[in-house]
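*Asks:* Sequence:
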Amino acid sequence: MSDLSAIKWNAQGLVPAIVQDSETRQVLMLAWMNAESLRQTLETGETVFWSRSRQELWHKGATSGNTQRVGAIHLDCDADCLLVQVRPAGPACHTGEVSCFFRTLETTLPGTGAME
Numbered sequence: 003m004s005d006l007s008a009i010k011w012n013a014q015g016l017v018p019a020i021v022q023d024s025e026t027r028q029v030l031m032l033a034w035m036n037a038e039s040l041r042q043t044l045e046t047g048e049t050v051f052w053s054r055s056r057q058e059l060w061h062k063g064a065t066s067g068n069t070q071r072v073g074a075i076h077l078d079c080d081a082d083c084l085l086v087q088v089r090p091a092g093p094a095c096h097t098g099e100v101s102c103f104f105r106t107l108e109t110t111l112p113g114t115g116a117m118e
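In the numbering used here, the protein residues as written are 3 to 118.
No lab work stands behind these hints: they were computed from the structure. Check the hints yourself; a few may be wrong.
Quick list of in silico lysine to aspartate or glutamate cross-link-like pairs, EDC-like style, CA-CA up to 20 Å [said to hold, decoys possible]:
id	residue 1	residue 2
1	Lys10	Asp80
2	Lys10	Glu38
3	Lys10	Asp78
4	Lys10	Asp82
Restraint-style ranges between C-beta atoms, simulated for each label pair [said to hold, decoys possible]:
id	residue 1	residue 2	range
5	Arg105	Arg41	24 to 34 Å
6	Gln14	Gly113	30 to 40 Å
7	Glu38	Thr65	15 to 25 Å
8	Gly113	Ser53	35 to 45 Å
9	Leu6	Phe104	25 to 35 Å
Note that CB positions come from ideal geometry on N, CA and C, so glycine has one too.
Turn these sequences into a full structure, and let the hints steer you where they fit.
*Replies:* So this is what it looks like as structure tokens:
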């Protein structure tokens, strides 16, 4: 990974982290990291995020057992988003779904009559 100082944190000191299954390449979830959660993730090898609603660190799987073992972390070209590739030990979503992205938006784009 690039130098951690390259990360462009937002005004709240956070960066979005897209979590992807390293084997299937399926996007599992989107979460937020602050400097401490990223440090803990790098130290432990398991994902740790910042919960914006609870205002606390959150070790993914600490209570459910559905941990995520980190394989690689990539910084995007603008340095304002992380891609965290993991080996999940269970579903990523709190609903029990494999991915948090299990719902399809059923709508049409304006003026097209269809999804593009």
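*Asks:* Taking only the CA atoms, is the gap from Lys10 to Asp82 under or equal to 20 Å?
*Replies:* Satisfied, since the Cα-Cα distance of roughly 5 Å is no more than 20 Å.
*Asks:* Measuring from beta carbon to beta carbon, are Gln14 and Gly113 in 30 to 40 Å?
*Replies:* Hint holds: Cβ distance 36 Å, inside 30 to 40 Å.
*Asks:* Could you check the hint for me, namely that Glu38 and Thr65 are 15 to 25 Å apart, CB to CB?
*Replies:* Hint holds: Cβ distance 20 Å, inside 15 to 25 Å.
*Asks:* Would the pair Lys10 and Asp78 pass a check requiring their Cα atoms to be no farther apart than 20 Å?
*Replies:* The given pair, whose Cα atoms are some 10 Å apart, holds under the 20 Å limit.
*Asks:* Taking the beta carbons of Arg105 and Arg41, is their distance inside 24 to 34 Å?
*Replies:* holds, 33 Å
*Asks:* In this structure, is the beta-carbon distance linking Gly113 and Ser53 contained in 35 to 45 Å?
*Replies:* Holds - the Cβ-Cβ distance for Gly113 and Ser53, about 39 Å, lies within 35 to 45 Å.
*Asks:* Just to be careful, I want the Cα atoms of Lys10 and Glu38 compared with a cutoff of 20 Å; is the pair within it?
*Replies:* holds, 15 Å
*Asks:* Is Lys10 close enough to Asp80, meaning Cα to Cα at most 20 Å?
*Replies:* Holds. Lys10 to Asp80 sits at ~8 Å (cutoff 20 Å).
*Asks:* For the hint 25 to 35 Å, verify it against the beta carbon of Leu6 and that of Phe104.
*Replies:* holds, 32 Å
Against the hints set out earlier in the document, no violation occurs for any number.
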